[in-house]
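**Student:** Here is how the chains run, residue by residue.
Number of protein chains: 4
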Amino acid sequence: MQHFDSDYMEGMHPRILEAFERTNMQKTTGYGLDEYSVAAREAVRRACSAPDAEVHFLVGGTQTNATVIKALLRPHEGVIAAATGHIAVHESGAIEASGHKVLTLDHLCGKISAEQVEQYMQQFYADESFEHMVFPGMVYVSLPTEYGTLYTLAELEALAEVCHKWKLHLFVDGARLGYGLAARECDITLADLARLCDAFYIGGTKCGAMFGEAVVMRKGLVPHFFTIIKQQGALLAKGRMLGVQFLTLMSDGLYLDIARHAVVEAQRLKRAFVERGYELYFNSPTNQVFVVLDSIQEERLRLATSFTEWERLDDGRLVVRLATSWATRPEDIDELIASL
Amino acid sequence: MQHFDSDYMEGMHPRILEAFERTNMQKTTGYGLDEYSVAAREAVRRACSAPDAEVHFLVGGTQTNATVIKALLRPHEGVIAAATGHIAVHESGAIEASGHKVLTLDHLCGKISAEQVEQYMQQFYADESFEHMVFPGMVYVSLPTEYGTLYTLAELEALAEVCHKWKLHLFVDGARLGYGLAARECDITLADLARLCDAFYIGGTKCGAMFGEAVVMRKGLVPHFFTIIKQQGALLAKGRMLGVQFLTLMSDGLYLDIARHAVVEAQRLKRAFVERGYELYFNSPTNQVFVVLDSIQEERLRLATSFTEWERLDDGRLVVRLATSWATRPEDIDELIASL
Amino acid sequence: MQHFDSDYMEGMHPRILEAFERTNMQKTTGYGLDEYSVAAREAVRRACSAPDAEVHFLVGGTQTNATVIKALLRPHEGVIAAATGHIAVHESGAIEASGHKVLTLDHLCGKISAEQVEQYMQQFYADESFEHMVFPGMVYVSLPTEYGTLYTLAELEALAEVCHKWKLHLFVDGARLGYGLAARECDITLADLARLCDAFYIGGTKCGAMFGEAVVMRKGLVPHFFTIIKQQGALLAKGRMLGVQFLTLMSDGLYLDIARHAVVEAQRLKRAFVERGYELYFNSPTNQVFVVLDSIQEERLRLATSFTEWERLDDGRLVVRLATSWATRPEDIDELIASL
Amino acid sequence: MQHFDSDYMEGMHPRILEAFERTNMQKTTGYGLDEYSVAAREAVRRACSAPDAEVHFLVGGTQTNATVIKALLRPHEGVIAAATGHIAVHESGAIEASGHKVLTLDHLCGKISAEQVEQYMQQFYADESFEHMVFPGMVYVSLPTEYGTLYTLAELEALAEVCHKWKLHLFVDGARLGYGLAARECDITLADLARLCDAFYIGGTKCGAMFGEAVVMRKGLVPHFFTIIKQQGALLAKGRMLGVQFLTLMSDGLYLDIARHAVVEAQRLKRAFVERGYELYFNSPTNQVFVVLDSIQEERLRLATSFTEWERLDDGRLVVRLATSWATRPEDIDELIASL
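Protein sequence lines correspond, in order, to chains A, B, C and D.
Note that my numbering numbers the first sequence so that position 67 is 96, with each residue one more than the last.
Note that my numbering numbers the second sequence so that position 304 is 333, with each residue one more than the last.
Note that my numbering numbers the third sequence so that position 79 is 108, with each residue one more than the last.
Note that my numbering numbers the fourth sequence so that position 182 is 211, with each residue one more than the last.
Worth double-checking, as some hints may not be accurate.
The list treats identical chains as one, so a pair stands whether inside a single copy or across any two.
As the list claims (entries may be wrong) - Mimicking DSBU-like on lysine-lysine, the simulated pairs with C-alpha atoms at most 30 Å apart in a straight line are:
1) Lys56 to Lys194
2) Lys196 to Lys56
3) Lys196 to Lys248
4) Lys248 to Lys194
Treat the hints as calculated values from the structure; they're not laboratory data.
Keep in mind it's a predicted model, so treat the numbers as computed, not measured.
Use the sequences and the hints to build the structure in full.
**Tutor:** Below is the structure:
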């Protein structure tokens with residue numbers, strides 16, 4: 030029996046575990062002021078070709094989204110997101126709990142476009158009563174999206190441009206960023222993100238770390254962000270645990286290497302589904318595979334592996350998601366393919 | 030030049046002004062503990078055939094919505110509303126500012142149905158990750174809706190039933206309640222509202238008062254609601270001003286009388302539009318008239334009166350709203366009709 | 030039996046009532062965009078010798094405090110106030126409900142000093158863990174204070190200077206501002222307030238209006254404050270009611286005239302207390318009189334008038350507050366004095 | 030050069046590291062639904078002799094305080110705490126950010142008493158305007174306190190009783206609970222806490238874990254606390270990391286063993302300070318030592334070790350804190366003592 034429910038089922042990449050072992054009995058100061066965190070921040074800046082960027086390490090994705098969005102928005106502002114965005118659906122109202130509305134746009138395979146934002150802004154200011162409404166203050170997109178799809182560099186640049194035009198912050202949720210950057214179709218780099226976004230984060234939890242997200246922010250964007258992190262309960266006391274992890278991930282190209290491995294295996298699995306006549310629900314180029322199962326296929330796949338149930342279609346078929354990770358063994362994919 | 034932009038353009042009903050004059054130099058305690066407020070609360074209870082109900086007077090509609098919803102929801106809960114609901118669109122994010130998400134349903138002429146709520150709840154609990162989502166804790170509807178439409182008693186009873194089944198609070202925004210109750214098509218009474226809802230309010234601001242909304246709540250529903258009102262900045266120091274107004278409105282059937290007048294005039298206007306070949310956008314039986322104007326009609330109407338621009342349709346036609354009020358003079362309607 | 034519990038026991042000044050009567054049936058747009066509100070804002074600016082100031086009309090004091098403070102503070106910031114400040118004690122946690130801590134200083138007769146703020150700021154930044162604490166972002170003082178005492182111009186200038194030095198906003202709660210400005214001891218003017226504060230308000234509710242507070246803000250201080258007002262439920266639909274009131278109060282010196290009357294009567298009462306051997310608790314130069322009553326005095330005063338019980342001292346004596354208002358009749362003061 | 034700044038300078042106890050190694054490549058479900066978390070919850074229940082208690086694992090202390098307090102309080106309520114309490118001073122306003130006021134009492138060596146709470150409640154309800162104030166809804170105490178001091182069982186029982194009387198929740202912050210329970214003077218057990226408190230937590234971060242706090246709650250106290258944890262950004266995706274840690278700490282008495290070691294070393298250090306004529310600031314029986322240093326002592330100690338500067342007294346002397354931990358080596362204490 031295999032398990033492809035998600036990309037956070039295993040612990041941490043062995044090199045991170047090894048780094049924990051190596052540093053465990055050292056004494057350092059807390060709250061991310063230690064040497065490992067300092068070095069990790071520097072490594073992130075280098076990887077992003079952004080020597081001036083601010084880097085902050087937080088523990089998890091929902092926490093990071095809520096903290097960054099709260100820090101960037103003023104009271105009368107909300108955040109534009111795809112109706113399927115993580116902040117819109119799967120964070121138990123964390124954004125609203127910090128006082129801000131999520132303003133949703135229809136998505137196309139999990140994505141929203143610069144054109145949609147442009148149209149939204151034009152309609153907003155054309156509305157007689159816009160001063161009685163929530164002002165859009167930010168655009169939130171995920172890379173990859175909830176559906177494993179990717180923005181192109183041109184699309185991201187267009188979003189950045191429309192945000193600039195309307196004075197909206199651009200924030201990219203990179204909880205699975207590695208699996209996006211490592212996709213063959215992806216023409217976006219960390220340097221592009223640092224150049225185009227006000228803030229984005231490099232997801233650790235789902236990409237080989239035990240936990241951790243590295244926020245990269247335009248310098249000076251949020252004075253005293255450290256204190257806002259603390260207020261949100263997002264400041265790790267033993268902050269060096271985040272430094273050690275990101276220093277490891279950023280060394281020797283590890284972050285992209287392990288993501289690439291997951292993507293290769295996922296794409297191999299995807300092709301096998303297609304070859305065996307399964308229908309894809311989204312054609313994700315990353316580490317997630319979305320398949321539509323009829324009842325026979327469903328029964329067969331349930332014997333082979335666990336997965337995430339995405340949605341039951343009106344015709345009774347089931348959409349499921351399988352996710353590979355940095356830890357996926359090729360032989361497990363082989364075995365799963367054999368059972369399709 | 031006429032003005033039919035809204036139903037809050039004039040001051041207050043003359044009998045309220047007269048009551049202010051009569052009581053002005055009296056000394057009373059503040060914060061709604063005075064004799065007028067006590068009597069007004071009793072009058073509201075009587076009008077609702079709800080001797081045990083709690084009655085609280087607040088100043089305005091957005092404030093009332095935010096205060097009641099905050100008081101009734103627990104932190105993990107949100108409020109279900111039509112996508113066109115006032116709380117969803119035109120309150121500048123007041124609900125989110127108090128920490129709660131507005132969960133929107135598609136509307137039919139401003140209304141949502143018990144079936145939709147039932148389906149939403151079934152899908153919610155059927156979703157594998159519902160514990161990562163915002164729990165629906167309340168259903169919010171408006172009577173009349175933003176589009177001047179009405180629920181039938183059967184529809185409201187069905188909503189109450191589905192709310193009861195799923196342990197959702199039912200809250201009715203009655204900012205224009207008078208104009209709803211006074212409509213010929215309306216088969217709902219104040220007593221029905223008190224029986225079926227956990228909380229609702231009798232709108233004063235738009236129905237003849239200078240300001241004020243009377244919240245009617247199931248007894249014991251919210252301990253210390255007084256303090257929550259205070260915290261929301263919604264407690265009027267000279268609270269008797271609310272008591273004086275609602276005591277007047279609840280006396281001698283004034284509230285419904287003045288609403289009936291507005292509805293009669295609006296319906297007369299509506300029929301005139303139809304007779305002259307204008308297209309209605311919504312067929313509202315209350316004090317609001319929604320008309321679609323082609324360019325010639327638009328030009329003509331702009332010469333005759335001001336109105337609220339609702340929406341520009343893709344074909345270039347303009348949807349406008351005209352509203353009558355307790356203060357509308359029949360001769361003004363005559364004059365407007367003559368100019369159509 | 031007299032009533033001197035507070036300064037908001039009567040309705041509104043007759044000239045305001047008259048203005049309501051005169052304008053009642055006029056039609057205007059809502060939300061403070063009407064001609065009366067425009068003129069009233071201009072009148073406030075003129076009275077403050079602040080042609081560029083922004084003026085906003087809100088309904089009540091707690092609401093105004095919460096709205097201004099929320100609008101001015103960033104998430105990691107709190108507001109410094111006297112431990113006896115209205116926001117610290119008597120607003121049911123309205124400031125905390127908007128996410129911000131009230132940082133209290135010991136008071137001297139309701140006042141705090143520039144020296145205290147200076148010391149607080151020095152200690153704050155000297156604390157190793159200040160980044161784990163709430164950053165002071167604003168100083169809040171009341172004029173007059175809760176105890177009817179006054180800042181001198183020199184004291185206010187010193188506060189403004191220390192705020193400037195440490196980049197703190199200075200916000201003056203003027204719920205009873207008239208009674209302060211009208212005191213013989215007061216050397217502060219509206220123009221001083223406009224010059225020294227980032228924001229302050231001219232209280233209407235307690236100074237002759239039916240309700241209403243006029244916020245005066247440094248131009249450009251809070252973009253889209255209108256929308257924040259709306260979000261806080263503090264935007265009056267029939268906004269002209271605020272305009273009509275403040276236009277009246279700002280005309281022909283009415284605001285100060287009626288305050289002066291109240292202060293004169295209160296001081297007369299205060300002197301009578303002293304002459305008859307009563308002990309003052311605070312020597313307020315404004316419209317509030319604070320007296321310490323032994324059991325005989327208490328019994329006697331209870332027969333003559335109602336009042337607010339302030340505090341029961343350990344020795345059993347009772348501190349009470351009596352307040353005069355714009356509506357206080359000299360003969361009532363005479364009668365009360367006769368009964369002391 | 031030694032480092033005794035705090036008890037979270039090292040990584041994690043070797044047996045936890047070993048458990049991470051042993052389980053690293055296993056696949057489990059996320060969010061604390063895995064078998065390790067299930068077993069750890071059961072182990073906590075057993076250790077507390079509380080078979081029905083709910084146990085939830087969160088990441089850090091500030092986060093846990095904010096989440097529990099938000100979940101337990103209603104909107105009009107605040108939390109009573111010592112003025113020196115962590116939530117009152119060192120959480121960057123996290124409690125206020127969730128909408129609630131911290132109501133502070135004077136402390137005695139970091140502690141508050143049942144008598145103080147009783148007096149506070151009596152004065153609260155005796156105040157004429159208590160409905161305009163924040164209602165106390167909970168008492169928060171720390172065991173040990175910020176100053177390393179301990180409540181006795183009798184004191185805790187008295188607090189529980191007064192809370193019961195006034196319908197206040199009792200919540201114990203146990204961020205350093207192990208070091209309290211392991212103190213020779215402590216007569217409180219985990220079972221006492223489970224019996225007397227509505228909620229408390231067993232601190233992991235400072236007591237041998239890499240991170241993690243185990244909340245123990247009265248069954249049924251907070252419906253859907255899981256979702257509130259998620260909303261607060263406090264739900265760890267790889268939740269088993271918390272399960273693995275607490276299962277290890279709860280096995281074979283490890284939690285108390287490692288705490289006892291730290292306490293023994295701290296007390297040895299404390300006695301050495303006293304013997305050499307240093308003055309104690311607080312006589313903590315736990316793992317923290319508070320010493321007052323004159324300038325010569327300060328100079329000498331700075332050469333020997335780093336520490337936390339607590340407070341500079343008016344006479345120029347410096348209060349410092351030294352903390353031992355599960356990882357403190359006896360030879361390091363020996364060396365430090367030798368240098369005093």
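**Student:** Evaluate each hint against the coordinates.
**Tutor:** Do the hints match the structure? See the list:
1. Proximity of Lys56 to Lys194 under the C-alpha cut-off of 30 Å is found in neither arrangement, the shortest distances being 48 Å within a copy and 39 Å between copies.
2. Proximity of Lys196 and Lys56 under a CA criterion of 30 Å is satisfied in neither setting, with 45 Å inside one chain copy and 37 Å between copies.
3. Within a single copy, Lys196 and Lys248 get their C-alpha atoms as close as 17 Å, and across copies as close as 21 Å, so both meet the 30 Å cut-off.
4. With identical chains, the CA atoms of Lys248 and Lys194 are at most 30 Å apart both within one copy (20 Å) and between copies (24 Å).
Comparing the model with each earlier hint shows violations of hints 1 and 2; every other hint is respected.
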